[in-house]
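With chain A fixed as given, assemble chains B, C, D, E, F, G and H onto it according to the hints.
Number of protein chains: 8
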Amino acid sequence: MKNPALELVLRSFKEGAADLEEAKKRISALYSTDLGFANIDLRREERTGFPEVVFCEGKSDAQAAAIILETAKNGRPVFATRSRPSIFEAVKKENPLAVYDLEARTLSIGEFVKKEDRAGLVIVACAGTSDINRAKEAFNTAEFFGSNTRLIADIGVAGIHRLFSRMDELREAKVVVAAAGMEGALAGVLAGLLSVPVIALPTSVGYGAAFGGISALLGMLTSCAPGVSVVNIDNGFGAGYQANLINRASFR
Amino acid sequence: MKNPALELVLRSFKEGAADLEEAKKRISALYSTDLGFANIDLRREERTGFPEVVFCEGKSDAQAAAIILETAKNGRPVFATRSRPSIFEAVKKENPLAVYDLEARTLSIGEFVKKEDRAGLVIVACAGTSDINRAKEAFNTAEFFGSNTRLIADIGVAGIHRLFSRMDELREAKVVVAAAGMEGALAGVLAGLLSVPVIALPTSVGYGAAFGGISALLGMLTSCAPGVSVVNIDNGFGAGYQANLINRASFR
Amino acid sequence: MKNPALELVLRSFKEGAADLEEAKKRISALYSTDLGFANIDLRREERTGFPEVVFCEGKSDAQAAAIILETAKNGRPVFATRSRPSIFEAVKKENPLAVYDLEARTLSIGEFVKKEDRAGLVIVACAGTSDINRAKEAFNTAEFFGSNTRLIADIGVAGIHRLFSRMDELREAKVVVAAAGMEGALAGVLAGLLSVPVIALPTSVGYGAAFGGISALLGMLTSCAPGVSVVNIDNGFGAGYQANLINRASFR
Amino acid sequence: MKNPALELVLRSFKEGAADLEEAKKRISALYSTDLGFANIDLRREERTGFPEVVFCEGKSDAQAAAIILETAKNGRPVFATRSRPSIFEAVKKENPLAVYDLEARTLSIGEFVKKEDRAGLVIVACAGTSDINRAKEAFNTAEFFGSNTRLIADIGVAGIHRLFSRMDELREAKVVVAAAGMEGALAGVLAGLLSVPVIALPTSVGYGAAFGGISALLGMLTSCAPGVSVVNIDNGFGAGYQANLINRASFR
Amino acid sequence: MKNPALELVLRSFKEGAADLEEAKKRISALYSTDLGFANIDLRREERTGFPEVVFCEGKSDAQAAAIILETAKNGRPVFATRSRPSIFEAVKKENPLAVYDLEARTLSIGEFVKKEDRAGLVIVACAGTSDINRAKEAFNTAEFFGSNTRLIADIGVAGIHRLFSRMDELREAKVVVAAAGMEGALAGVLAGLLSVPVIALPTSVGYGAAFGGISALLGMLTSCAPGVSVVNIDNGFGAGYQANLINRASFR
Amino acid sequence: MKNPALELVLRSFKEGAADLEEAKKRISALYSTDLGFANIDLRREERTGFPEVVFCEGKSDAQAAAIILETAKNGRPVFATRSRPSIFEAVKKENPLAVYDLEARTLSIGEFVKKEDRAGLVIVACAGTSDINRAKEAFNTAEFFGSNTRLIADIGVAGIHRLFSRMDELREAKVVVAAAGMEGALAGVLAGLLSVPVIALPTSVGYGAAFGGISALLGMLTSCAPGVSVVNIDNGFGAGYQANLINRASFR
Amino acid sequence: MKNPALELVLRSFKEGAADLEEAKKRISALYSTDLGFANIDLRREERTGFPEVVFCEGKSDAQAAAIILETAKNGRPVFATRSRPSIFEAVKKENPLAVYDLEARTLSIGEFVKKEDRAGLVIVACAGTSDINRAKEAFNTAEFFGSNTRLIADIGVAGIHRLFSRMDELREAKVVVAAAGMEGALAGVLAGLLSVPVIALPTSVGYGAAFGGISALLGMLTSCAPGVSVVNIDNGFGAGYQANLINRASFR
Amino acid sequence: MKNPALELVLRSFKEGAADLEEAKKRISALYSTDLGFANIDLRREERTGFPEVVFCEGKSDAQAAAIILETAKNGRPVFATRSRPSIFEAVKKENPLAVYDLEARTLSIGEFVKKEDRAGLVIVACAGTSDINRAKEAFNTAEFFGSNTRLIADIGVAGIHRLFSRMDELREAKVVVAAAGMEGALAGVLAGLLSVPVIALPTSVGYGAAFGGISALLGMLTSCAPGVSVVNIDNGFGAGYQANLINRASFR
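Residue numbers (the working numbering), protein chains in the order written: chain A, 13 to 264; chain B, 13 to 264; chain C, 13 to 264; chain D, 13 to 264; chain E, 13 to 264; chain F, 13 to 264; chain G, 13 to 264; chain H, 13 to 264.
For the record, the hints were derived by calculation from the structure and aren't laboratory data.
Hints should not be assumed to be uniformly reliable.
Said to hold, decoys possible - Computed spacing ranges between beta-carbons, pair by pair: (1) F:Leu109 x G:Arg183: 30 to 36 Å; (2) B:Leu114 x C:Glu57: 43 to 49 Å; (3) A:Phe176 x H:Glu181: 41 to 47 Å; (4) H:Glu128 x C:Glu82: 44 to 50 Å; (5) B:Leu114 x H:Asn86: 31 to 37 Å; (6) G:Arg162 x F:Leu109: 42 to 48 Å; (7) H:Glu181 x A:Arg162: 32 to 38 Å; (8) C:Ala131 x B:Glu27: 40 to 46 Å; (9) B:Gly61 x E:Glu27: 34 to 40 Å; (10) H:Gly28 x C:Val111: 50 to 56 Å.
Don't be surprised by glycine CBs; every beta carbon is placed ideally from N, CA and C.
So that you can see chain A by itself, here it is in the shape it has in the complex (with noise of 0.2 Å):
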């Protein structure tokens, strides 16, 4: 693990040039911007290799806005998640640079891997139209950490033809998401077909007995096909990131 700045402060230390109190206090200072209602994560890159990601819900717009621009400082990459439309109009105000996604909901500034620089593919894969605002999430996510990425939409496992046609496309990924709901049995199926991680992706999707996204979640972890792990219920960034994370280990 380097470190430069945290080092020089403790050679400080060693060396007299900072008591123990002041030598706290400046480490303090290296890891987080506290905005009073928010402590910004500015290391977390340093310590796991991607910046932090805000999450809008549940926040004011204001402080949502607040965070993401505090964030983006010093041309800093942001990338924020379940956004309004109204958190991106005050976001916008002060920085141009700022896009959003009104389906994904997904808000970004800048690029955290250059787009010459994307290498690897991520394919998302969605059972139903119904699943894709969620898939898009995903898709953005992972395109914003560093892949190349594919939406592949409505090859459910009703219509199974439709994803054998598909699948000379799938076997070019290195990671795949699978976003269903209903009965989730997507994410198995591909699983037993593939050769890579399959991120399965439960979705909200359905009525009924699918109970908010828990039949496809307990489908997707009950597979009897190995190679599937799962993220939360339309948790397209988590699914995303997983899979981001995959792709750019055959790089590393």
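Using the frame of chain A, we list chains B, C, D, E, F, G and H on its own:
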């Protein structure tokens, strides 16, 4: 609804051969035999076309055997489910025609439909080797009540080519029972490929989030393919019975 | 499985008129039309005997209308469920044959089976006035796909004599759909009295421990009468579709 | 509320024969006997009209027997539920009047109401043979506390004519206990036909989606017929106790 | 069971004044009026001693009003629950005797039992101010069907002395309804102190782990005090109806 | 337990100045004020050391305001939770000392403990910005009832160094409230690091499998670190109240 | 935070007596002993004020005994929960100071606080005889960690006068643990009467809708009385530990 | 997709050496071996890159052994999970190369990847000693399929310094499996500290509200740290398999 015995009583009443109290008593006797702890439904066949079935779970050996033997009087065929070897032994002593299947836990005496009169075809498909016992309960039930029946084992969706290699065979059925545990995807995949009703039989196979068959049940209920209806978890009897009803519909 | 279009392509391939890549592309085109956000399953009818149905929930007006209109091209009949008035208006503008039922929320264009060719009888029985909308969804579905259909309303078990006064009528059906909320007892009571399959349709009618249809669903799954199979809560379409499949079996 | 013993103490206090501390101690002694591990509620009868009942589950043989024997001192009648044969043996040794019912698991000493003073009629109806043990617990409880009691077995709704043939008898009751597992429909059907309160007793009979009595419980709670109230799953004691309270109301 | 109208038809049949078909039609007409969307159970009073109650939830204004007005014909008293002001307005226009209670959401026309003929006493106790609406539904129901009724509000167990100061009053009741949300402890505490049946009415009051009334429901079902039986969450009508049945038992 | 008012009544009774009925009435009046729809618990402070708190949810504006104002009579301090701006306006008009906090939804009049008499320290730590409103409810509650209080925001375990940088501060507290949604891990991690009780406050923050706070609740209940006890989901008041009780214990 | 051992290492590092790698290794050794299958947390006492407790469930006899004996080295006191007699025997052989309580399933060696140094008072109250084992686990835990402790058994709310007769005693406690199964009402009733924190301990006592302690847990979480916080079902250890932490707060 | 055997058949068909029926039969034989009760998926390796794994639960000893031995023919390596000693004995007799791990319950024959060809590093971290068996199942799986693997035991968050002292080691992994029961916080804490994917493995360790692993599962699904995906409760095999897939991605 033909019912000559009832008409006889009614006519006696109209003609004065029986008064009201007498008529009521005789009508009641037509319909059930009271063993004290059980009330055998002797006219179920007349009402629904099929004789009553004995469910052995929760009954003592003596109770179950008494009900089975009473029902079998006068050559009436009997079918019992969730039977135990000890019940079989008690029945066998009194009625040597009794037949027992240890895996399916079914016990039968005689044939409701003679072998040569069976018609149509019910296929019982099961996803894995562990689902076979429940599948056999469905198989024996459909056969006893008059269907030609065939079992196709271990064609779960984790290796979906095994299912495809049996499609020609599956297309011969008038109705298909799909037995599966875990995510229960087999039912929906079959319904998407076939033109006949699929009776989904969720099994308690699996662990953890399979929750004793709940995941399979929910997956089958929320299947995105139409043409699926579902019975209780591990209810092989119910699946086979419903499949036979549907299959027999073609011949009435 | 007859499939002349496919045989044509295969023959072209064998005779060299088409190379492997060409053959694959043409086969794929036979099976679905890709609208970008949806993949219409055009050959479902060939595979399962019935055309694909459009599920409108979770789709935008524009998406739903586009799928319906595309499917309806060349006079193909279309059936859509969970439709909204705004979808109907969008479709109606382009295709004046569209018909909408506000209570059942079904939209259809054309007839899959001509009225004079309908056969058999599906009876949709419902326990209370509040179950009628779901019952009508089942009714319309069974009718569109080729069954004669009748609705018997408000015969729930709290006043069981109302049910008994309709028994002669109920006995005419080849299959009965039983729609009920709350404790869902109607399905089991009917199955105990009839000789045909009962498709149980749990509805979300009720409050408190009705839990949005869960009580009805569980009651129907655990019914002590055989001859019941169950569809998802409020899934009138699924019930009507399965009932039609069973009813049509008598005529194949 | 008459309470001469208490009035005695109060008068002593007022008249100075006892000081405050003395008064408090004597009042406390009036109300319970402390065995260390248990606090016997000796004045429950005075407070509620009926003596305390001993619930044996979760108590060791020694604890249960000690509580039963202590309560039975001075000829007080005792009723214990969920008892085991080993508890009975321990009690029997000390008190030969103890009576045990293996199926109902009830143990009693003496009679709370003399046989000739029993009044009214509680009918305990059960849906199937497997529900009988719980039904008998209700039966014995109602009888011990002063009701004439009758058991009607195996009249579940799958063969509803069996129920109808017993209607005249059922109409004699002041209150009916309806014991049923699976979908628990018996309670609602009876309430729709009778003019007296129905106490619904869900049992854990059934498998799969019966979920150990939850389906029956929910079905009974959501019954569309008024005049039903429900006790805990398998709580035969509670059902019989409440039925007796209601039955006795006619005679107070 | 007295039933002069039915006897009339039967006699006509026996004497040949009516043939079988005619007899069946007339019998059917005695029992219900079919509005197409609803089947009014006109003889419920004869069967159970009390007229049918109209449950308005899930019915359109027009449907509910039509059922209420039809039932009220010829001066028959009517009671409706879960009614809305708009239903009341529609009914009021046609029948000026209609009375509406906004908090309880009950609507009634006429009196089933004349005020001077009410007897006994039902006390409806509620734990907190927030439970009052459901308590009033119980109150109105018991009153309409013939009980003297009293409401005791806000005596929950968090300040248990408030309950004790009302004990003398509570002891006057023939039956007590205990309405409570959250942990629902009021029912068990009352049953431990009183000698009459307690009908527990769980309400959906509370947040978080109150789960819309489930915690109160479970607490009431598992109460360690005997003499409690439970109705559905928020089912004030069911509680009041059962309480009245029990209360009336003293006077039959 | 000192209670001079009660002693006065008792002495009057002993000395004959008051008869039994008179004595009972006066004792009752000491303990609560009956507003018809509510029974204010005026002596709660005497019994438990703290005055009653008004829970506004489920009460109308008029009801809530009346209870608050009645309680505040004679300068008694009042604390109300889940209040709305409209309640505040109604109260403010009559009592200008009322103070409202929009985020925490608490309303107070006066101080139960004067600022200079507050003692000890309660720290309310929250995992994310979205948990702040509930945290503030806890904060205000602990402060009103006599604790010095501090809020530490946004130190969830996803960036655990933020938590470690605040450890010195956290060690100053006598008790810590840990508010967190999603997996609720903050409580267990803090308890593993601190020597004081942790009150875990699960919040409904999160989506999908967060199930409105159930995941956080379960995580906190099953925490492998001892020294954690849990309050209801979103029950900031309960957490702050319990924290204050514990904190105050050091000073009694 | 005092930590002389750590300061020693840091000073060695600063003065060059240890290089970075050496310093890291020595710091790590200060904090845990690695048995391969377990990592004993030796400095927990320093961090939280109390030594680590051994949870025996899910560990083999050999594993549990090894951990207990290793922790007990050098006279360190040890406390283990959910222990089995076979573990006790294995430990006893090596360390004759080991003490085992069969009901509570606790095993201890030595005293963390000498008997004469115990202070304050923790009262463990339990609702019924069946809750005693869990109550004793709480009792032993609080005692081992330094509290005077008293057990009050069988004061559940079904006979609430038994509780009232112990109020003077209960008022002596600094904190009360309330152990109860079924509806768990004891905790809320006590909190409404006392001025000290109540730690609610739900037990798995009960059947049917008690659901292994879920009903008690929910009832305690939703209690309408403030001053209650809850631990996991059957977690006597957690309740006793938290109670001791709170009790000890008065003496620090 | 290379598949020379299939190409051979297709060429035979094109050239006329095989007719359609013959071609179909030969293609089918390439893909599975039918044992009657099981259909071994022999070409899974070709399709997904890895051979089929045998899941022994729910299979008889004879069935399991037959499937394992058949799969192992011709030197094919085999891996079986949830195996029992009796299965091992049956296999060992026929194939002396079989290896069994009692804790992990895995059975293997041969090596899928030779030891010297293993690459990368999978670290399996577990929270407590009780999680070790599941962790070892993951460990053995990842190793069999080609990963270097390391186990780090007992680093749960209750003593979080133990985790920090292993961070350098954890940073060496290409992917980390985090096995934990109870609140399952380990997965989220690790994901917040590492730059590689974390596969969360919830275990059924814990009691009460741990609900057999549900709490851990929910906690892991809702973790606020990105980079976590989850497998079924106790599914050590699934976690190890997915981890290996990801780890191997770096080397393809």
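Quick rundown of the hints versus the structure:
no.	hint	verdict
1	F:Leu109 x G:Arg183: 30 to 36 Å	holds (33 Å)
2	B:Leu114 x C:Glu57: 43 to 49 Å	holds (44 Å)
3	A:Phe176 x H:Glu181: 41 to 47 Å	holds (44 Å)
4	H:Glu128 x C:Glu82: 44 to 50 Å	violated (57 Å)
5	B:Leu114 x H:Asn86: 31 to 37 Å	holds (35 Å)
6	G:Arg162 x F:Leu109: 42 to 48 Å	holds (44 Å)
7	H:Glu181 x A:Arg162: 32 to 38 Å	holds (37 Å)
8	C:Ala131 x B:Glu27: 40 to 46 Å	holds (43 Å)
9	B:Gly61 x E:Glu27: 34 to 40 Å	holds (36 Å)
10	H:Gly28 x C:Val111: 50 to 56 Å	holds (53 Å)
Hint compliance for this structure: hint 4 alone is broken.
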